[in-house]
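Participant: Fit chain B to the given chain A structure using the hints.
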Amino acid sequence: MLVLKNWDINLRSREKKTLRSFLFLYAFLTLLILAFVAFLYYGLERDLMLQNQRETLSNLTNEQIARLKSLHVNLGKEQTYPRDERFNSAIYDSSLKQIFSTLGTHKVNLYEDIYLKADRIYFIKELESYYLGARYIVLEVPAPPTWSEKVFRKLLGYGALIFSILVVIGYFLLGLLLRPMKETIALLDRFIKDTTHELNTPVNAILSNIEMMDLHTLDETVSKKIKRITIASKTISNLYDDLTYLVLSHKILSQDETIDLKVLLEERLEYFSLLFESKKIQLSYSLEEGIYLTIDRKKMTKLIDNILSNAIKYNKMGGMIEVVLSPQSITIKDSGRGIDKNQIDQAFERYTRFDRSVGGFGIGLSIVASIAKEYALHVKLDSVLHEGTTVRISW
Amino acid sequence: MVKKVLIFTLVISCLGAKTGVYEKNCIPCHEDMAVKIDKFFYRYLLKYSSEMEVKNAMTKYLKNPKAENSILVDGLINRFGVKKKTTLRDTELQEALDTYWDQYQVFDKLK
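Respectively, the protein sequence lines represent chains A and B. When we follow this note's numbering, the leftmost residue of the first sequence carries the number 1, and every step to the right adds one. When we follow this note's numbering, the leftmost residue of the second sequence carries the number 396, and every step to the right adds one.
Bound conformation, chain A alone:
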């Protein structure tokens, strides 16, 4: 049994998308709640400040009313509206028509008692005797200068603190949410790891023993059977290689060398020849000479093997495969069942399989993508459902 240390769990893009959506929603809701609480807090602070100002403003209003009274009595002789440098004021009759105003605004809410608008406090009082016909008197004073600054500083401080706490809670919440998913992926990975380990010895034993056999000395029926065993063993061996790469890829150091791609492709086509034969696949290839690439041989082999293996696996009986090597690319075209257009983007994700009628773990193209990424190779997948797939590796 292998130990699961240093085991990286790669979340697939759809899962990452879900996580991003969750985080966005969580942050949005958190900010919404915080904004609501901040709104309430601001309202409370504002009311408290206005309450503190109320007595002073009431006294100032009484002073102004006394002046209005004096003016009313002497109206024939005096017509100057009383002014005070401590405040602006206005008077309104019972139909809310403005009689006189020194306010900075014309829009005053006479139905309020006291309110704050644009950093100014408005205090409204109803007169008992309507001097000069005034039923309402409005006083306008500037709000305490540092008041709003203090409130916003407090709001920002507390807001940031609460938001940070909620983010930490969200992080743990996310951990809880992800645990079952992580456990499932870990289980699958552990299973593959264990299977890989157990596959190695028997597959090697079969292949080496077959190689030691002299097929010419055997009769045709037995030779045919041996060929089938070889194909099956190579399939298992291929799968073993894939799984090994998957499990140990982060521990394998690349040993880059200059590779003649024509030679490598011919070697791989030869390796799969029995498989082509078994499915009666018509192979055509055009390989240009003198095309070299500096890459790890094992990884390039793995890349080609996976594409060829898929081309065979998903091909129909008697289908065709075309391999083209040009100075800038390798193209492998098959006449298989193809992939739906909407699913092409998911084809490179680990454990993604579109056709469960054939064997496999859905890791082939994931490995191709991983190797291509390491060597900055471009992988282009074109597919038409029920017609075939073309994979083009360019550099």
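Keep in mind that the hints were calculated from the coordinates and are not lab data. Small disclaimer: the values here were computed from a predicted structure and weren't measured. A hint or two may mislead.
[Claimed, not checked] Once the Cα atoms are required to be at most 20 Å apart in a straight line, the calculated EDC-like pairs of lysine to aspartate or glutamate come out as:
| id | chain 1 | residue 1 | chain 2 | residue 2 |
| --- | --- | --- | --- | --- |
| 1 | B | K442 | A | E128 |
| 2 | B | K504 | A | D194 |
| 3 | B | K455 | B | D469 |
| 4 | A | K77 | B | D497 |
| 5 | B | K504 | B | D469 |
| 6 | B | K506 | A | E140 |
| 7 | A | K97 | B | D493 |
| 8 | B | K455 | B | D485 |
| 9 | B | K431 | A | E78 |
| 10 | A | K97 | A | E126 |
| 11 | A | K224 | A | D214 |
| 12 | A | K69 | B | D503 |
| 13 | A | K77 | B | D503 |
| 14 | B | K442 | A | E85 |
| 15 | A | K298 | A | D241 |
| 16 | A | K97 | B | D503 |
| 17 | A | K333 | A | E267 |
| 18 | A | K280 | A | E322 |
| 19 | B | K450 | B | D503 |
| 20 | A | K280 | A | E270 |
| 21 | A | K280 | A | E128 |
| 22 | B | K506 | A | D84 |
| 23 | B | K434 | A | D241 |
| 24 | A | K125 | A | E149 |
| 25 | B | K506 | A | E85 |
| 26 | A | K227 | A | E270 |
| 27 | A | K77 | B | D485 |
| 28 | A | K77 | B | D433 |
| 29 | B | K431 | B | D485 |
| 30 | A | K97 | B | E446 |
| 31 | B | K442 | B | D485 |
| 32 | B | K479 | B | E426 |
| 33 | B | K479 | B | D427 |
| 34 | A | K69 | B | D433 |
| 35 | A | K333 | A | E322 |
| 36 | A | K97 | B | E448 |
| 37 | B | K506 | A | E78 |
| 38 | A | K97 | B | D497 |
Facilitator: Relative to the frame of chain A, chain B by itself:
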């Protein structure tokens, strides 16, 4: 020459004549009173505030003058009594009150 002087005098007197309902029907009586007409206005203003309410209150009193709905304090009512009911038609009364309001309202007068 005498004819010319007579015509001139007639024109001048016509120009200076009190032509409005207010001037003809309100001023003459109030002129002789101890409490001047502006003081009545300011008392109404003190109690009723807006133009409409002041005019409504005045109309109500002039059509049915009683000590209870007079704007004057009891002492003055006892001393001068309650006026007679108006003989003006509604339109004339409205015109007189409009003139009265325009003359003493404070909206355009405060500085």
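Participant: If a hint holds in the structure, say so; if it does not, say that too.
Facilitator: So, going through the hints one by one against the coordinates:
{"no.": "1", "hint": "K442/B to E128/A", "result": "holds, 9 Å"}
{"no.": "2", "hint": "K504/B to D194/A", "result": "violated, 101 Å"}
{"no.": "3", "hint": "K455/B to D469/B", "result": "holds, 19 Å"}
{"no.": "4", "hint": "K77/A to D497/B", "result": "holds, 18 Å"}
{"no.": "5", "hint": "K504/B to D469/B", "result": "violated, 31 Å"}
{"no.": "6", "hint": "K506/B to E140/A", "result": "holds, 19 Å"}
{"no.": "7", "hint": "K97/A to D493/B", "result": "holds, 18 Å"}
{"no.": "8", "hint": "K455/B to D485/B", "result": "holds, 11 Å"}
{"no.": "9", "hint": "K431/B to E78/A", "result": "holds, 17 Å"}
{"no.": "10", "hint": "K97/A to E126/A", "result": "holds, 14 Å"}
{"no.": "11", "hint": "K224/A to D214/A", "result": "holds, 13 Å"}
{"no.": "12", "hint": "K69/A to D503/B", "result": "holds, 18 Å"}
{"no.": "13", "hint": "K77/A to D503/B", "result": "holds, 15 Å"}
{"no.": "14", "hint": "K442/B to E85/A", "result": "violated, 30 Å"}
{"no.": "15", "hint": "K298/A to D241/A", "result": "holds, 10 Å"}
{"no.": "16", "hint": "K97/A to D503/B", "result": "holds, 13 Å"}
{"no.": "17", "hint": "K333/A to E267/A", "result": "holds, 18 Å"}
{"no.": "18", "hint": "K280/A to E322/A", "result": "holds, 14 Å"}
{"no.": "19", "hint": "K450/B to D503/B", "result": "holds, 18 Å"}
{"no.": "20", "hint": "K280/A to E270/A", "result": "holds, 15 Å"}
{"no.": "21", "hint": "K280/A to E128/A", "result": "violated, 108 Å"}
{"no.": "22", "hint": "K506/B to D84/A", "result": "holds, 14 Å"}
{"no.": "23", "hint": "K434/B to D241/A", "result": "violated, 113 Å"}
{"no.": "24", "hint": "K125/A to E149/A", "result": "violated, 29 Å"}
{"no.": "25", "hint": "K506/B to E85/A", "result": "holds, 16 Å"}
{"no.": "26", "hint": "K227/A to E270/A", "result": "holds, 14 Å"}
{"no.": "27", "hint": "K77/A to D485/B", "result": "violated, 33 Å"}
{"no.": "28", "hint": "K77/A to D433/B", "result": "holds, 12 Å"}
{"no.": "29", "hint": "K431/B to D485/B", "result": "violated, 24 Å"}
{"no.": "30", "hint": "K97/A to E446/B", "result": "holds, 10 Å"}
{"no.": "31", "hint": "K442/B to D485/B", "result": "violated, 23 Å"}
{"no.": "32", "hint": "K479/B to E426/B", "result": "holds, 16 Å"}
{"no.": "33", "hint": "K479/B to D427/B", "result": "holds, 16 Å"}
{"no.": "34", "hint": "K69/A to D433/B", "result": "holds, 16 Å"}
{"no.": "35", "hint": "K333/A to E322/A", "result": "holds, 5 Å"}
{"no.": "36", "hint": "K97/A to E448/B", "result": "holds, 13 Å"}
{"no.": "37", "hint": "K506/B to E78/A", "result": "holds, 10 Å"}
{"no.": "38", "hint": "K97/A to D497/B", "result": "holds, 16 Å"}
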